[in-house]
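Student: Chain residues, written in single-letter form:
There are 2 protein chains.
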Amino acid sequence: MGDFPRTEKTEITRLAKRGAYDQETIFSLLDEALYCNVAYVREGQPFQIPTGFVRIDNKIYIHGSVGSFYMREIRDKKHPVCISATLMDGLVLARSAFHHSVNYRSVVIFAEPQLVDNTDELYAALEAFTEKICPGRWADVRKPTPNEWKETMVLSFDIKEASAKVRTGPPKDDEEDYALDVWAGVVPLKINHFPPQADPDLKPGVSVPAYLK
Amino acid sequence: MGDFPRTEKTEITRLAKRGAYDQETIFSLLDEALYCNVAYVREGQPFQIPTGFVRIDNKIYIHGSVGSFYMREIRDKKHPVCISATLMDGLVLARSAFHHSVNYRSVVIFAEPQLVDNTDELYAALEAFTEKICPGRWADVRKPTPNEWKETMVLSFDIKEASAKVRTGPPKDDEEDYALDVWAGVVPLKINHFPPQADPDLKPGVSVPAYLK
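Protein sequences appear in the order of chains A and B.
If you're matching positions, the first sequence starts at 1 in the working numbering and goes up one per residue.
If you're matching positions, the second sequence starts at 1 in the working numbering and goes up one per residue.
Be a bit skeptical, because a hint or two may be false.
The list cannot tell twin chains apart, which means a pair is met if one copy fits it or any two copies do.
Claimed, not checked - List of simulated lysine-lysine pairs, BS3-like, C-alpha gap at most 25 angstroms:
(1) 132 <-> 9
(2) 9 <-> 160
(3) 172 <-> 150
(4) 203 <-> 172
(5) 9 <-> 150
Hint data in this document are derived by calculation from the structure and do not stem from the laboratory.
Modelling step: build the complete structure from the supplied sequences, incorporating the hints.
Tutor: See the structure below:
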């Protein structure tokens with residue numbers, strides 16, 4: 001997989017060595033992140049909305065109700081948006097307060113919304129949403145009715161102008177500080193899935209599906 | 001603690017019952033979230049930056065290098081910004097694809113940056129940053145030198161115009177779907193801290209401090 005071109009908007013200027021422009025880094029982060037933030041502008045004022053999303057090939061999809069104010073707004077005005085997703089991988093504890101940091105991966109994408117009105121693409125996106133949060137789930141659940149499809153708006157964004165910023169590894173201290181009697185290292189962070197909690201109104205006798213174990 | 005006033009920008013219109021405007025909900029989420037997203041506008045184009053932050057009283061603080069392009073930009077132009085922080089608490093698995101959701105808490109704040117040039121406030125903010133990611137750490141590490149303080153820019157934002165959106169609890173399905181033989185419930189999510197990994201260059205004999213165990 002290739003690199004995305006660096007543009008004035010996506011080029012990482014601060015700590016440039018943390019910049020990444022390759023599809024593999026960017027796509028794998030998008031596939032792992034549970035939500036993104038969509039930033040847009042209304043009358044000079046920035047707004048942002050955290051929302052679930054899914055990547056298929058070279059597109060990001062978000063969905064919402066056809067009544068969603070912000071989705072209608074960015075759809076109608078074809079607002080340029082900035083989408084970001086971030087994963088926190090660890091706390092970086094240096095010997096000096098100044099060099100404390102975090103290990104993270106973040107992606108920023110600049111794009112314009114496209115309304116998805118092709119039924120095949122719409123269905124594929126909504127199936128992918130469900131499968132992203134819970135692989136194996138789609139085959140198990142009641143599928144959308146024609147009315148439910150109609151109540152759902154899906155917008156797509158081409159991933160063309162995108163960059164990632166990544167920090168990994170141990171702390172970087174000043175040369176003379178490595179002699180200090182201060183512990184230094186990384187506390188890894190990860191989002192944990194806990195055992196499923198059944199709905200109190202679950203029909204008696206329905207057991208936890210294998211894909212959740 | 002009281003409520004923040006609802007404004008045209010902060011009033012939750014979509015799924016209004018998920019809206020929260022009280023300080024306790026908003027502050028506790030800000031204190032738990034490891035990073036926020038700062039959205040701002042440059043020449044009509046939205047940008048956003050994920051960054052660490054800390055809340056003290058009624059203010060949010062972010063910090064960066066005095067060479068940071070975006071921090072200088074929002075400082076100099078006093079850009080209005082939109083700050084958000086989000087926590088994902090669970091995957092909500094309904095009987096129908098349509099009613100799948102997530103449990104989450106998110107806060108959105110609208111504010112303008114203030115440069116923190118008061119030394120006491122600056123020091124307090126930077127100590128709070130370190131203590132937020134690792135309570136007990138500040139007392140243990142080498143404190144900033146005069147030059148390091150000078151290299152650090154801190155911006156504050158008054159928390160005045162803010163709202164939260166919160167979903168909790170089991171899935172909500174359509175009446176007739178409760179009879180289906182489909183498992184439904186919640187998969188709780190939580191960010192886990194794993195055992196600390198020592199820096200390969202750690203001075204021999206320095207042990208893991210008590211506050212990390």
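Student: Work down the list of hints and note, for each, if the structure agrees.
Tutor: Right, here's what the structure says about each hint:
{"no.": "1", "hint": "132 <-> 9", "verdict": "neither (29 angstroms within a copy, 31 angstroms between copies)"}
{"no.": "2", "hint": "9 <-> 160", "verdict": "within (12 angstroms within a copy, 30 angstroms between copies)"}
{"no.": "3", "hint": "172 <-> 150", "verdict": "between (53 angstroms within a copy, 19 angstroms between copies)"}
{"no.": "4", "hint": "203 <-> 172", "verdict": "between (55 angstroms within a copy, 14 angstroms between copies)"}
{"no.": "5", "hint": "9 <-> 150", "verdict": "neither (36 angstroms within a copy, 28 angstroms between copies)"}
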